[in-house]
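Colleague: Each chain, written out:
Protein chains: 2
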Amino acid sequence: MKTIHLGLIGFGTIGTGVVSLIQENRDLIENRLGARLNLKKIADLDITSPRKVSVSKDMLTTDAREIINDPEISVVIELIGGYEPARTFILDAMRNRKHVVTANKALLATYGNEIFKASEELGVDIGFEASVGGTIPIIKSLKESLVANRLRSIFGIINGTSNYILTKMSDEGKSFDDVLREAQELGFAEADPTFDIEGIDTAHKLAITLSLAYGKRVKLEDVYREGIAGISQQDIEFAGELGYRIKLLAIAIQRDEFVEARIHPTMIPLDHLLANVNGNFNAFHIVGDASGSVFLYGQGAGMMPTASAVLSDIIDISRNILKGVSGRVPARSQSENVIHEIMLLPMDYIVTNYYFRFSAIDRPGVLSKISGVLGENNISIAAVIQKGRRQAGPVPIVMTTHKSKEMDVQRAIKVIDQLNIILGKTIVIRIEDEKL
Amino acid sequence: MKTIHLGLIGFGTIGTGVVSLIQENRDLIENRLGARLNLKKIADLDITSPRKVSVSKDMLTTDAREIINDPEISVVIELIGGYEPARTFILDAMRNRKHVVTANKALLATYGNEIFKASEELGVDIGFEASVGGTIPIIKSLKESLVANRLRSIFGIINGTSNYILTKMSDEGKSFDDVLREAQELGFAEADPTFDIEGIDTAHKLAITLSLAYGKRVKLEDVYREGIAGISQQDIEFAGELGYRIKLLAIAIQRDEFVEARIHPTMIPLDHLLANVNGNFNAFHIVGDASGSVFLYGQGAGMMPTASAVLSDIIDISRNILKGVSGRVPARSQSENVIHEIMLLPMDYIVTNYYFRFSAIDRPGVLSKISGVLGENNISIAAVIQKGRRQAGPVPIVMTTHKSKEMDVQRAIKVIDQLNIILGKTIVIRIEDEKL
Chain A
1 MKTIHLGLIG
11 FGTIGTGVVS
21 LIQENRDLIE
31 NRLGARLNLK
41 KIADLDITSP
51 RKVSVSKDML
61 TTDAREIIND
71 PEISVVIELI
81 GGYEPARTFI
91 LDAMRNRKHV
101 VTANKALLAT
111 YGNEIFKASE
121 ELGVDIGFEA
131 SVGGTIPIIK
141 SLKESLVANR
151 LRSIFGIING
161 TSNYILTKMS
171 DEGKSFDDVL
181 REAQELGFAE
191 ADPTFDIEGI
201 DTAHKLAITL
211 SLAYGKRVKL
221 EDVYREGIAG
231 ISQQDIEFAG
241 ELGYRIKLLA
251 IAIQRDEFVE
261 ARIHPTMIPL
271 DHLLANVNGN
281 FNAFHIVGDA
291 SGSVFLYGQG
301 AGMMPTASAV
311 LSDIIDISRN
321 ILKGVSGRVP
331 ARSQSENVIH
341 EIMLLPMDYI
351 VTNYYFRFSA
361 IDRPGVLSKI
371 SGVLGENNIS
381 IAAVIQKGRR
391 QAGPVPIVMT
401 THKSKEMDVQ
411 RAIKVIDQLN
421 IILGKTIVIR
431 IEDEKL
Chain B
437 MKTIHLGLIG
447 FGTIGTGVVS
457 LIQENRDLIE
467 NRLGARLNLK
477 KIADLDITSP
487 RKVSVSKDML
497 TTDAREIIND
507 PEISVVIELI
517 GGYEPARTFI
527 LDAMRNRKHV
537 VTANKALLAT
547 YGNEIFKASE
557 ELGVDIGFEA
567 SVGGTIPIIK
577 SLKESLVANR
587 LRSIFGIING
597 TSNYILTKMS
607 DEGKSFDDVL
617 REAQELGFAE
627 ADPTFDIEGI
637 DTAHKLAITL
647 SLAYGKRVKL
657 EDVYREGIAG
667 ISQQDIEFAG
677 ELGYRIKLLA
687 IAIQRDEFVE
697 ARIHPTMIPL
707 DHLLANVNGN
717 FNAFHIVGDA
727 SGSVFLYGQG
737 AGMMPTASAV
747 LSDIIDISRN
757 ILKGVSGRVP
767 ARSQSENVIH
777 EIMLLPMDYI
787 VTNYYFRFSA
797 IDRPGVLSKI
807 SGVLGENNIS
817 IAAVIQKGRR
827 QAGPVPIVMT
837 THKSKEMDVQ
847 RAIKVIDQLN
857 IILGKTIVIR
867 IEDEKL
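Listed in order, the protein sequences are those of chains A and B.
Take 1 as the starting number for the first sequence in the numbering used here and just add one per residue.
Take 437 as the starting number for the second sequence in the numbering used here and just add one per residue.
Extracted from the complex, chain A is given alone in its bound form:
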């Protein structure tokens, strides 16, 4: 039986999971691959702290070069994350004709063009299933299973922390701040949660997804991005009353030659499968022109689910090695030579339904004044909720709209927020009504 030698750079949580899975399911993997996976070396700056797996001391090194320059190793697994030295390690490993498996979404979202081009030019494979959606086979599904489809849309819940927070807020009626604190205590949220709750992590993953579905070179700063910090319990309750649940969605929609790419809290119908993705689970709802609706769901993070995705890449590449081929499936669905740039639709031009919560003075004529401004801006109202009349202070007025243009909405809200009957900033949440 042949042996394929692996080198692992990064012996943190996911790295530990990969080692553990290779050890625990050794027989099964050998039966399915028809070859042996030998994890030859593990590099990490910290090789003394105890891990949940036991490995021989000779395997450990603090010098990643021992892996990158080892002629016997054919697959390098990069799990240190971040930009540098991960980028240099990957490029150098490729130059040494090693295939690479990585879960590094930030790196691929930022330096993807360089890395994917290098992989193609050097004739080595790069696997990155674990970079988006954890254990969910989203990368393989886009590049292989749905390969013959024009993708109409991809809606994703791809940040576990945000989804955990929104789920807890919805199910337990707690405030954003309280749930965030709890999540931090439980280790579900980082001490600095910016990356997760402001949608940056989601943007990295959406950028990678977009490049598989529609083309290359999405500038991260061109993707519209709104996090969940502004979501209040009041909006969650109104959403429920209107038949919606609020989720942080990564949205990609093909509109003729343009692609909409946006990340924001979104109201989706309660009976939509995405509305039932709870806790730290991730999911994708994809619509292909031939396939119709496809929904994929699983753990978006975590030691073993992510290790499962890393192993799927290792085995995929090993199957190529055993057959003596590489570049069988282009890293980003198409050859880097022909893949075109994505034309993003400017946010001003997107059309969707909206939820508004106005903080208004409670007196006659307010509703007509607000709806007047909306009407002047081509926004037609679908539903209104007004209740809980008070003597003093603002009263919430909630409205949902029919399809409206973002540009019109922003203009109207700007005018409305300057009216003297309005006491606070109007809350705007987009609604996606598309059913599965």
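Hints are supplied without guarantee of correctness; some may be wrong.
Unchecked claim - Pairs of lysine-lysine residues, derived as BS3-like cross-links and limited to a Cα-Cα distance of at most 25 angstroms, are as follows:
{"id": "1", "chain 1": "B", "residue 1": "K850", "chain 2": "B", "residue 2": "K805"}
{"id": "2", "chain 1": "A", "residue 1": "K2", "chain 2": "B", "residue 2": "K553"}
{"id": "3", "chain 1": "A", "residue 1": "K143", "chain 2": "B", "residue 2": "K553"}
{"id": "4", "chain 1": "B", "residue 1": "K438", "chain 2": "A", "residue 2": "K143"}
{"id": "5", "chain 1": "B", "residue 1": "K579", "chain 2": "B", "residue 2": "K652"}
If you're looking for bench data, these hints aren't it; they were derived computationally from the structure.
Position chain B relative to chain A; hints supplied.
Modeller: Just chain B now, kept in the frame of chain A:
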């Protein structure tokens, strides 16, 4: 740009979808494959009826041999269904060193051992993604994405007709017979619906799924199978009251060295993702030891969704052809030389929760008599519903159980059905409480 020549045998609904998809998405497919797909010939006994696609007359033939013996054609797509001549066509095409793509679940479930062995021995690939779950990438997910996992369980809704009928019965309160008649009128059910409603189609698909997950040679007659014809509106209503929805599930569970394989109407919790798979959609809930829960959902049938799956196989194989390799991924996850036989757990030994609906005389002592028999057989009651007391005729008594053994349940029900307080056959429906 290279050209890969295809031959299609079977120009029915799915065949038409395949032709249409190759035509409509030609540019996209060429960009992603880096080669041209040329559908050279189409064989069908009927080449005169109009189709929804237009093809040149020279392409059409009534003689499948013109495809099987064409030296230029490298991939044969078999979409005629049934056992013969499909089996002979596939084996002969393979002997002529052609790769095969098929959606023929009945054939693979019955003659899989012969066909997969031939494919391996002859060094040709066989793609069958469309044979199970339509557009859902279940085959690829089991063989590639979840390849490093021991699969704890697979629960599938894999017969669209049965799911359509159960959904309509649940949502519209109609009887089985009425919904079946409607489904037949709408073309969602065959004139002879036996294959679908008695779980035979489901058994074919489960047999294929089992062979990818656990090994080869499942004898169809060894898979426990119960269809949906016995489901009444009354049981659907009681299920709802108990927090369940009834679905026809294909169930595979690893139990030590055994595998449970069974198909039957099943009560699943209302908040389980599978409970929300409605109409003619299909879905799989898979639990891997590393991945945890993975849920895949999509159209299980239909012209274009199935064509999408067929094309994914064609392109997968074409990518192998372009690299000059075959047999990169074993057809059934492992080489036919090492794949072992599955040891099915006899139905008597399965352990699950149960729902019983007794038709009893309405008089004191009945409940204690029934629960006495259950107790004697190691069956412990979880909940009881008894209502609607009547003067004459039977009254329904509904019970759910804690984990019980099938053998004990069958023995107890046999005794109970012979009691003189029982006026009709007791309805038994298994409950699967496992949460996502």
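Colleague: Hints first: check each against the structure and report whether it holds.
Modeller: Status of the hints after comparison with the structure:
1. K850/B x K805/B: OK: K850/B and K805/B at ~14 angstroms, within 25 angstroms.
2. K2/A x K553/B: OK: K2/A and K553/B at ~22 angstroms, within 25 angstroms.
3. K143/A x K553/B: violated, 28 angstroms
4. K438/B x K143/A: holds, 20 angstroms
5. K579/B x K652/B: holds, 14 angstroms
Hint compliance for this structure: hint 3 is the single one not met.
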